[in-house]
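In full-length UniProt numbering, the protein residues as written are 1 to 171.
Since the hints were made in silico from the structure, they are not lab data.
Just to be clear, a hint being listed does not mean it is correct.
Claimed, not checked - The list that follows gives simulated cross-link-like pairs (lysine-lysine, DSSO-like), each with its CA atoms no further than 27 angstroms apart:
id, residue 1, residue 2
1, 70, 105
2, 123, 54
3, 123, 91
4, 105, 86
5, 54, 100
6, 40, 100
7, 100, 57
8, 91, 51
9, 86, 136
10, 32, 57
11, 123, 51
12, 123, 79
These figures come from a predicted structure and were not determined experimentally.
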Amino acid sequence: MNTTLRYWEYYNMQETFDRLYGDSSQGQSFSKLYDIIISKNNILLAYRTVKSNKGSKTAGTDNFIIDDYKILCKDDFVKYIRNQLKDYRPKAVRRVFIPKPNGDKRPLGIPSMLDRLIQQMIKQVIEPICEAKFYKHSYGFRPLRSTHYAISRTVFLINRNKLHFSMDVAI
1 MNTTLRYWEY
11 YNMQETFDRL
21 YGDSSQGQSF
31 SKLYDIIISK
41 NNILLAYRTV
51 KSNKGSKTAG
61 TDNFIIDDYK
71 ILCKDDFVKY
81 IRNQLKDYRP
91 KAVRRVFIPK
101 PNGDKRPLGI
111 PSMLDRLIQQ
121 MIKQVIEPIC
131 EAKFYKHSYG
141 FRPLRSTHYA
151 ISRTVFLINR
161 NKLHFSMDVA
171 I
């Protein structure tokens with residue numbers, strides 16, 4: 001089972017996300033999502049998700065890493081996040097350059113830890129709404145999909161339609 005799904009269930013958010021997905025697939029419009037975004041379980045789920053990311057030990061411009069929030073009890077952490085959202089303004093990102101195999105460098109922006117948490121809180125609520133609208137055979141940057149699924153689908157269609165030619169495809 002996917003770890004993300006276990007987290008959703010642990011924080012009792014699976015039912016909420018399923019409802020959002022179902023309502024979206026029925027064409028419903030949404031308002032008042034803020035209450036879901038700032039719900040205690042959504043905030044704690046965002047914390048857990050950000051903490052499980054490789055970059056959680058990398059500080060942004062606020063010089064915080066995810067473990068710096070450990071000193072707060074859950075209720076104090078939730079209050080802190082909600083309080084930050086009252087007049088929230090994203091901070092500037094920290095720019096670093098990552099070496100590429102060819103010797104060049106690639107720019108990478110590292111957001112503050114608070115920005116990462118808030119982005120994750122919003123993503124968790126918006127994602128099921130958007131996923132319900134997306135084409136089911138779209139594979140780029142989507143949960144539970146990968147290039148392997150795209151390749152499998154391509155092979156399936158080639159075999160089903162008895163297509164015996166090839167073309168260069170960029171994924």
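### Task
List, from low to high, the hint numbers that the structure doesn't satisfy.
The structure conflicts with hints 1, 4, 6, 9 and 10, although it agrees with all the remaining ones.
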